[in-house]
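*Asks:* Be aware that the sequence shown starts at 3, since it is given in the numbering used here, and climbs by one per residue.
It is worth saying that the hints were derived from the structure and are not from the lab.
Each hint should be verified, as a subset may be incorrect.
The list that follows gives simulated cross-link-like pairs (lysine-lysine, DSSO-like), each with its CA atoms no further than 27 Å apart [unchecked claim]: (1) K55 - K114; (2) K204 - K187; (3) K233 - K187; (4) K55 - K84; (5) K64 - K80; (6) K177 - K187; (7) K80 - K112; (8) K55 - K80; (9) K65 - K80; (10) K80 - K115; (11) K112 - K55; (12) K84 - K114; (13) K143 - K114; (14) K231 - K204; (15) K114 - K64; (16) K233 - K190; (17) K177 - K230; (18) K177 - K190; (19) K46 - K112; (20) K65 - K55; (21) K204 - K230; (22) K64 - K46; (23) K80 - K114.
In this text the structure is predicted, and so the values were computed from the model without any measurement.
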Amino acid sequence: NTLPAFGAAIALGCDEIEFDIRFSLDGVPMVFHNDTVDEVTGAKGFVSGFTCKELQNMDAGKKFSPAFTGLHIPTLQKVLEKFAGRVIMNIHLKGDAEAGQEGAVYDPGKLKKIMDLVDQYGCRDYIYIAGCRDVLETACKYYPGVLRCCLDGQRDYTLVETAVEFGCQKLQLFKPYFNQAMIDKAHKNGILCNVFWSDDPKEAIEFIGMGIDTILTNDFLRISNAVKKAK
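Using the sequences and the hints, build the whole thing.
*Replies:* Right under this line is the structure:
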């Protein structure tokens with residue numbers, strides 16, 4: 003979830019990048035995975051408890067390597083400014099349903115902010131929205147033409163059924179909670195299958211053999227080379 007990582011992946015020829023959206027205290031969509039800043043920045047607190055300026059003043063690189071000291075947490079706008087139209091973007095919206103809240107509703111105002119930025123940079127054809135039930139419900143209601151990727155039911159083998167329910171074009175399997183029958187059923191319903199995740203070449207080749215369409219990985223070049231060689 004950093005600009006250097008996205009830039010490196012795109013330069014190496016990746017087909018897609020995946021990132022996560024959380025909102026700052028002042029309502030700015032930030033590209034950040036965890037619900038707190040603790041592990042990445044060394045500061046403490048929820049992403050939603052800091053303003054955009056406060057988040058961007060945090061060091062998101064020093065804990066991992068001195069070479070990345072001073073790395074900022076990017077806004078969605080900055081990611082689109084740099085990479086819109088250059089690569090497909092799997093935009094994972096972090097909602098309350100994902101955190102286990104029953105009856106959660108994803109704020110349509112938040113989705114509008116995201117889609118307004120997508121439209122500002124003219125890249126609707128290069129994005130799809132990934133999320134759980136609350137995200138999918140809001141997306142279906144307010145932006146039915148935007149591609150959707152189902153994440154709801156990843157751990158209880160109900161993912162395919164939920165993807166069909168919401169008319170999703172993609173779903174994202176979560177290892178090890180899937181099998182060949184799920185992949186086949188998804189394809190019969192015209193749904194493409196992502197898998198989260200693989201950094202192991204042998205495993206990735208097995209996933210491709212099962213019919214997986216997209217592999218999420220932290221090591222694109224190694225996995226890409228292995229898959230190409232296997233073909």
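*Asks:* Hints first: check each against the structure and report whether it holds.
*Replies:* Okay, the hints, checked on the actual structure:
1. K55 - K114: holds, 21 Å
2. K204 - K187: holds, 24 Å
3. K233 - K187: With Cα atoms ~24 Å apart, K233 and K187 stay inside 27 Å; holds.
4. K55 - K84: Holds. K55 to K84 sits at ~19 Å (cutoff 27 Å).
5. K64 - K80: holds, 21 Å
6. K177 - K187: holds, 17 Å
7. K80 - K112: holds, 17 Å
8. K55 - K80: holds, 14 Å
9. K65 - K80: Holds - the C-alpha atoms of K80 and K65 are around 22 Å apart, at most 27 Å.
10. K80 - K115: Between K80 and K115 the Cα gap is close to 14 Å, so the pair holds against 27 Å.
11. K112 - K55: The given pair, whose Cα atoms are some 18 Å apart, holds under the 27 Å limit.
12. K84 - K114: Judged against 27 Å, a Cα distance of about 21 Å means the pair holds.
13. K143 - K114: holds, 12 Å
14. K231 - K204: Satisfied, since the Cα-Cα distance of roughly 11 Å is no more than 27 Å.
15. K114 - K64: With Cα atoms ~33 Å apart, K114 and K64 exceed 27 Å; violated.
16. K233 - K190: holds, 24 Å
17. K177 - K230: holds, 22 Å
18. K177 - K190: holds, 21 Å
19. K46 - K112: Between K46 and K112 the Cα gap is close to 24 Å, so the pair holds against 27 Å.
20. K65 - K55: holds, 20 Å
21. K204 - K230: holds, 12 Å
22. K64 - K46: Judged against 27 Å, a Cα distance of about 15 Å means the pair holds.
23. K80 - K114: Holds - the C-alpha atoms of K114 and K80 are around 17 Å apart, at most 27 Å.
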